[in-house]
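Assemble the complex: chain Z is given as a structure, and chain X must be docked to it using the hints.
Single-letter residue listing:
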Amino acid sequence: MSRPSSPLKFFGAARLGPAALCLALCLALCLALALPARARAEGRELVFGMSAAFSGPARGLGMEYFRGLMASFEQTNAQGGAGGWRLVLSLRDDGYDPLPALSNTIGFVEQERVFALLGYVGTPTTARVLPLLKHYESERLALLFPFTGANLLRERPYDAFVFNLRASYNDETRELVGALLATGKRRIAVFHQADVYGRNGWDGVRRVLRAHGLSIVSEATYRRGAAYTQDFRREVGLLQAAAPDAIVTVGTAPACAAFIRDARDAGVSAPIGTLSFADADNLVKFLLAQTRVTGRDYTSGLIFSQVVPSCEDATLPAAQRYRQAMAQARVVPPAGLTSEAYTPNKGSFVSFEGFLAGQVLAEAVRRMADAPTRARLLAVLAGMQDLDIGIGEKVSFGPGGNQGLRQTYLMVYRQGAFLPLAVPARGRP
Amino acid sequence: MNRKGLFVRLLVFMVAAFGVMALATSFLSGRELNDSMGREFKGRAVALARSIADGNTEILLSQNPGAIQAAIDLHQEMGGLSYILVVDPLGEVVAHTFTPGVPEEVMRVVRESVGKAHFGAGHETRTLILPPDSEVIHVAQPVLGGKGGSVHIGLDKEPIRRAISQAILRQQMLTLGVFLAFVILAFLFIRGITDPLRSLAAYAKRVAAHDFSATCDVRTGDEIGSLAEAMRTMAGQISGHVSQLERSVASATSELQDALGSLSAIVGNIADGLLVVDETGGILRHNPALMRMFGLDDQELAGRPCAEVFGPLVAAAVTRPRAEDQGAPDALCEVQAARADGTAFPVEINVSHVPLSGGAARVCILRDITAAKKAEQEREQSRAVLERMVAERTRDLSRANVQLKIEVAERKVVGDALRRAEAKFRGIFENAVEGIFQISPEGRYISANPAMAHIFGYDSPEDLIAALSALSPYLDPSRRDAFLAAMDETGQAQGFESQVRRRDGSVIWIAENARQVVDSAGQTLCFEGFVSDITLRKEAEDRLMHQAFHDSLTGLPNRLLFMDHLRMAMERARRRPDFRFAVLYMDLDRFKDINDSLGHDIGDQLLRHVAKALMSCARGMDTVARFGGDEFAILLEDITAPRDAIVFSRRILEDIARPLVLEGREVVTSGSLGLVLRTARYEQPEALLRDADTAMYHAKSMGKSRFKVFNQKMQAKALELMALEADLRLALEQNGLTLLFQPVLDIRQRRLAGFEVLLRWRREDGREMLPGEFIPLAEETGIIYPLDYWVFAQACCSIRRFQQILDARPPFSHAGFVTNINISAKHFRNPMLVGHLEQTVRTCGVDPRSIALEITESVLLDNAQSATGVAANIRDLGLGLCIDDFGTGYSSLSYIQRFSVDAIKIDRAFVAGLGGEAADGGREAIVKTLVTLGTGLGLKVVAEGVETRAQLAHLAGLGCQYAQGYLFAPAVSEDEAARLIEQGAAESWPDYPE
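The listed protein sequences correspond, in order, to chains Z and X.
With our numbering, you'll find the first sequence wraps up at 429, consecutive numbering, no jumps.
With our numbering, you'll find the second sequence wraps up at 994, consecutive numbering, no jumps.
Only chain Z is shown next, with the shape it has when bound in the complex (with noise of 0.2 Å):
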């Protein structure tokens, strides 16, 4: 289970048997119902439900926004707390699926009383997850940065419970088609998910070209949970049937190498983008581990849309602050959590991303370190303004909307690293 120094909880259902279990929930419940769910008498301690994928095809994300986001509370705690607050993270594994997703998620509400979800990822686990907000109306349960840019997080009627962070997919696709298109690129065509993610990435696509009076010209869907191992041949031919210039790809980390693995394999050299989703520095590694068995070249040609900077760049503060945590943080998954090993990356856009929403929550409780009740938070981060995390771009949420931050940053990777992308200026051919 988790040190009593370390900011982490994880419920260990796993571990204990049925009963045992039973009895502990109901102790749980117990407790929970006499103590005030705001705050931890004894400890000053706020407890935040996570539900990510940490087994699974997309564990990676999983694990790499947790180290982030645990890199950021070890940091806030070791200086004494935000405003004599620890921050504490309370784990559960969906395997990226939406139906443990839901689960996860009323054991938080019902079960630990967390303080509020922070830091779901996926698309169709949180989208799941959003009617269950919805329930809890009454509760004030908040949805803090969720890991995804689906529209639906951002929209009525949820947008009231959901505080996110990163720029949306439509953002993000945005940037990208729009890059496309100032490189001379017509025909794109779109490799994506078969679900909500993918649908998204795909309206995004078609609203630009939309705008510009273009449409896509050829599409294909895999179903989600994919692995590298997966053979998409057939999804490339379906593609190259349009001849097109530039693929972009919405899906998960070890779907899209599988399919830029297949699509060069195949002789398609267009340009192909990825999303912010697709976790880069994963995806490079499977096409990396390729490269070494075929010898071919897999990394080039591949932009990379991110929502935020590399966290190599030092002129960052922020990136700064991250490989300092980073560096100092033990962080490690609690035991039990899941059987699949992961080799965590040494620093990642994901990692640096839950860094950030960890910056930004520690503000928030910050800012109400007198009283910390759900229904103020929401109201800090509601009236959060022009928040200066270190990025550059500063974070204001506001009325009118529940997204922290808008900028999108595509990459590409030369030599062993994320390189900002050199964006033609709009308009130009």
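No wet-lab data here; the hints were simulated from the structure.
Wrong hints could be hidden among the right ones.
Claimed, not checked - Restraint-style ranges between C-beta atoms, simulated for each label pair:
{"no.": "1", "chain 1": "Z", "residue 1": "A289", "chain 2": "X", "residue 2": "L176", "range": "58 to 66 Å"}
{"no.": "2", "chain 1": "Z", "residue 1": "S300", "chain 2": "X", "residue 2": "P89", "range": "53 to 61 Å"}
{"no.": "3", "chain 1": "X", "residue 1": "M21", "chain 2": "Z", "residue 2": "T229", "range": "55 to 63 Å"}
{"no.": "4", "chain 1": "X", "residue 1": "P89", "chain 2": "Z", "residue 2": "A289", "range": "46 to 54 Å"}
{"no.": "5", "chain 1": "X", "residue 1": "P89", "chain 2": "Z", "residue 2": "A375", "range": "38 to 46 Å"}
{"no.": "6", "chain 1": "X", "residue 1": "P89", "chain 2": "Z", "residue 2": "R186", "range": "50 to 58 Å"}
{"no.": "7", "chain 1": "Z", "residue 1": "T229", "chain 2": "X", "residue 2": "P89", "range": "36 to 44 Å"}
What the hints assert, rightly or not - In silico contact screen, one side only, chain X against chain Z (beta carbon under 8 Å); selected entries:
{"no.": "8", "residue": "A95"}
{"no.": "9", "residue": "T99"}
{"no.": "10", "residue": "G101"}
Here the structure is a predicted model, which means the values were calculated and not measured.
Where a beta carbon is used, it is the ideal one built from N, C-alpha and C, also for glycine.
Only chain X this time, still in chain Z's reference frame:
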């Protein structure tokens, strides 16, 4: 195969019928199921499409692909659909769930539906074949009548088909199962019918083949069962008939064979010749005897004419026409026939007619009568010889007759002589006073004389013999055997006494004397002997016996007999632990008073009455005895509990205490009873009786009319008394007793007037015994006699010494100096007393006038009669007589007169009441009266126990002359007494208290 015909046919039919039914059902239901499930799935697809279209109208209208995708993802997960596709009103795909892309077939349908005018009306359903090889139900559902686009869903038919085929398979399996079950049931059912039928058929076949041993166990309750039952009954009856028939045929046949066999045997073996001829005289049959008779060879003669073979005479005889009369006996004739060798012989022929089926036949019996004729001649000759012999014998007999007549005459002379002798002895026999008898060695009476009959109460000896041969006269049946045994042993019996029953039932004693009578060979002929009636003698003996053991007054057993019974009871108790008995000892209270006051007659009557009362209370087995006087003892035998004895005692006391009138005077008496219940521990009857006596004394001492059970305490007391008694005897023998002398003063002359001799006994343990403690015991045990004699002798010696001292001091002499000696009342019953006293006085050489005997009043009271005489004798001796403790008992002035008493002593109790502060007027009056009385009668009056001067002064004032007591001196030893006298106390008492 024929056997199985019915079974197989029925089974095949049923299997076929069930099979057709099952097939039809399976086929029809399969089709039905297929159709209905297909419809159902199609309906489900339509419903799903409609629910997606209608349930998400708002999202669909928003044209937000993300939201739409979220919605259809949800539906796809939930509905198990193979795909969902949403198109906008223009037919452009908004969202779908295909991977990797929308198939062309679906796109075609989408395109078609967009263009269709009627599409707005409702859903459209079709079946599509999608590559590579899947069939789906495709439903297109317009949203808001097509204005909001449309929703297309696909439901994979493969699972539907699988579900349907599984359902059909299940249904068919069920049908097959039912079919098999029916087949098995049919098999069992048909077999249940055909099996009994088959065994019935087999049974019928065996019955038809006359095998009745077969059985048929078909016993069902249905028609087959009743058929089988009928078959069994039928077969049983047929079997019975057949066997009966066979039996009757067999018996008839054997009878016939027997008859034939015996007949031919008869024919062959009869000695007479048999000839059967027909009407014409032709021979039909013959037998071997006939052939032998006629000397013919053993040849067959049947068929030959009779005349040819046996000659014309015989032929004529046999063929002679029969008499007309049917019932006439068969003809018998005798003819001369000739043998084959020509010799003629007479033959007797008997012809009888027998009607046969082939005409009548004649059956002839021929008998050769040559031998018979010859025998008749011989009989005639022998009769003549016999007649001759008879005549000779008759002559011899008449000669012998004459000889006999002579001998008879001689015998008559001898007989007369015998008769005379016998008559002589018979006279003796008949007239003897004693009974004379003869009995056989077995004990049966042979003869008896009239005297004997008389003794036994019979009229004649014949009656006696007749009666006594049947039953023994002896009262004790074993006496006859004892008598016979004695005879056998010694050959005679002398004075054999027994009790016999006379004819009238009365019992008498007889004495028999008998001897054996033997013949010349020494064999016992009989016993003969005499009987005398000894009843009178016996009664006299019994009376004597009774008197020896019984009390003559009451008839009760006396002490002797009682002791005997007691001994026997103790014996019995020793043998039988459960046998209990009790001994009662009774004494009448104040019987002596009654006897004395009312006379001996009434006393005796009272005793008889008491005896009767005791007898009536006692049971038969108990012994009530009188021990003499008024003492009775009762032995209660075989009592169940001590309580019985207690109850018995109460009843006796109650009965006795009842007043009775004797000779017109009412007499009241009562008894005191002593019981011994724990009799088991006694060895000697005397000890037992003694303890009963002790208990009785205890009862008496507690009051009258009581009973007391002997107990341990009494025993202890008795033992103590015994010890005391022994000690006393020892003391008496070894001079353990001493005498003290209490001075008696003449208070007028203030001098010593004498002494009272007091007895002191110092026991071995040093305890000083007062006379009151041991004198009663001494009286009771009889020690009092030697004791008193010893005291008397000792006192006499002392008195003589005193006399010598006194005599040695003139002018005084021993005259007027009297020493009193106490003597027990017992002695007054003892006639020896006076003689003994006299001898002692003389031996000691003492002057008897110096001696006075002190007796208590009770002595006179108890034995007034004898005491008077004794007292007179004592007075004659010259001894004085003093009544001790006068006034305490039933004092009678007449006694003083009668016994010529010369002194009385006033009891210390009265003296103690004189003078002093606690002066008692009543006692003073008594003392005064006594003193006045005594002086008036000229008696010496001595006051005892004077202890104070006041008493002394008072006594002096009353005129009492003598006194004794501690005021003057305590009792002193003989030497001190002697010294007192020597010092002149007899002249003047030193230190006389003023």
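- Item | Numbered hints the structure breaks, given as an ascending list | The structure conflicts with hints 2, 6, although it agrees with all the remaining ones.
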